[in-house]
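Chemist: Can you build the whole structure from these sequences, using the hints too?
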Amino acid sequence: MRCAQSSSARCCIEFKTRGYALMKMQPFSLFLTLWITLGHSVALHADARDQWPRFRGSDGAGYASAEALPSSWTNDEWTWQVDIPGIGHSSPSIWDGKVFLTSADEEQKVRHLLCHELRTGKLLWQQDFPGDIERHHKQNSSASASVTVNSDGIYWLWGTSQNVRLEALTHDGTRRWGLDLGPFIGHHGFGGSPVIWEDTLIVPLEQDTAGTVIGIDSKTGKKRWSLERNGVEKAAYSTPLVLTGGESSPQIICTSNAHGIYAIDPRNGDVLWENKCFPRRTVASPIQAGGLLIGTCGNGGGDNLLVALKPPTTRNSSGEIVYEIPRSTAPYVPTPLFSNGRLYLWGDKGVVTCLNAASGAILWKERVGGNFSSSPIRIGDKILNISSDGEMVTLVDGEEFQILGRRKVDEECRATPAVAEGFLIVRTKSRLFCLKISKL
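Using our numbering, the first residue of the sequence shown is number 1, and each one after it goes up by one.
Worth flagging that the hints you see were computed from the coordinates, not collected in a lab.
The structure presented is a predicted model; accordingly, all values stated were derived computationally and were not measured.
Careful, some of the hints might be misleading.
[Said to hold, decoys possible] Under the rule of at most 30 Å between Cα atoms (straight-line distance), these lysine-lysine pairs were calculated in the DSS-like manner: (1) 122 / 382; (2) 429 / 382; (3) 219 / 310; (4) 98 / 109; (5) 349 / 310.
Modeler: This is the structure in structure tokens:
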């Protein structure tokens with residue numbers, strides 16, 4: 001189904017605009033004034049720009065703008081393929097020619113942290129972590145959290161109803177420190193990934209019961225702060241967004257059912273602002289789209305909601321909801337993608353919607369088929385995603401819908417692909433694939 005970018009778009013999807021009055025509070029030196037004006041402030045450390053150090057890349061936006069992806073390729077054209085011990089749905093991270101990912105052998109009750117050489121697929125090292133394995137949602141796994149990497153090391157998080165464990169290792173696999181963070185109560189299991197701002201790890205632990213977001217010294221494992229969060233029987237599985245405005249105040253953007261979209265100061269754990277806009281669970285991660293923040297909530301029945309929020313410029317305010325996209329047009333598990341002024345919503349049931357990111361007006365809406373847990377990424381001028389049954393779909397990044405190619409890997413896949421140094425890495429349930437792609 002195609003929709004024009006006009007009033008006729010409203011026949012395809014309900015489109016709401018709401019305003020929230022800003023409370024008269026103390027102004028604070030929030031970077032958002034500059035951010036809203038310039039339309040970008042995602043944190044990019046110099047040593048992370050050419051890497052893929054966390055879920056969906058160096059800024060969580062899913063961009064690999066320096067590479068060019070072929071429209072299709074044959075099975076023989078994969079650069080390499082390797083088996084992975086155990087299973088898992090965590091996404092790969094890439095740093096300095098190494099691929100890091102996790103898996104779990106649920107029968108043997110052991111989790112694995114693996115490091116493969118990017119160019120060859122050779123296993124460089126493997127660290128095993130025995131521990132409890134619990135039941136989880138059928139679409140989850142015991143290794144769903146992606147590792148975060150910086151120039152100092154690798155940081156990995158997993159959890160059960162008995163304990164959450166955070167491990168720090170060097171790039172060569174030497175264990176540096178480990179930290180127990182208490183139980184995680186979540187009906188669907190565990191899945192949130194850590195992020196890092198400067199030398200502070202941000203660990204989101206919003207759960208069915210009262211939870212926390214914790215700031216930890218990445219060098220020592222010492223807790224710097226802990227922010228208590230309410231529990232409403234709907235644990236959050238989203239990965240935070242790190243924003244910075246140069247010399248202005250940094251912010252960590254989190255989403256949850258209990259607190260909606262909100263910002264934390266990573267230096268001390270203070271809540272800067274929040275908008276309690278979500279009636280359901282958050283799984284997809286928040287992103288930045290120009291001067292807006294995009295977040296979603298939902299459930300397995302398609303009762304989803306996307307909120308486009310203009311953040312406040314005063315502390316303890318709620319900001320302005322510019323538009324909402326309701327029900328199944330909004331994704332529940334896949335994180336949206338912002339590119340060139342457009343917002344791509346890759347739905348769980350295989351319907352992709354392209355919006356004008358500033359207004360929410362629909363440019364097109366088309367079915368590509370399949371079911372999706374993986375999030376779309378942009379590689380050059382193409383958009384790539386992979387379905388739960390392993391079909392890779394490539395689209396044109398543009399105002400007209402166009403499928404460029406399809407490629408099947410024939411195994412369950414719920415992990416988002418990774419791209420760095422001219423290589424595409426695809427992780428399925430029990431295998432790792434690599435494709436050499438050209439540089440632009």
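Chemist: Taken at face value, is the distance from the CA of residue 310 to the CA of residue 349 at most 30 Å?
Modeler: 28 Å, holds
Chemist: Need the status of pair residue 429, residue 382: alpha-carbon distance at most 30 Å?
Modeler: 25 Å, holds
Chemist: Is the Cα-Cα distance between residue 219 and residue 310 30 Å or less?
Modeler: 35 Å, violated
Chemist: Within 30 Å, alpha carbon to alpha carbon, are residue 98 and residue 109?
Modeler: 26 Å, holds
Chemist: Assess, step by step, whether the Cα of residue 122 is no farther than 30 Å from the Cα of residue 382, and give holds or violated.
Modeler: The hint holds at about 29 Å.
In summary, the one numbered hint that this structure violates is 3.
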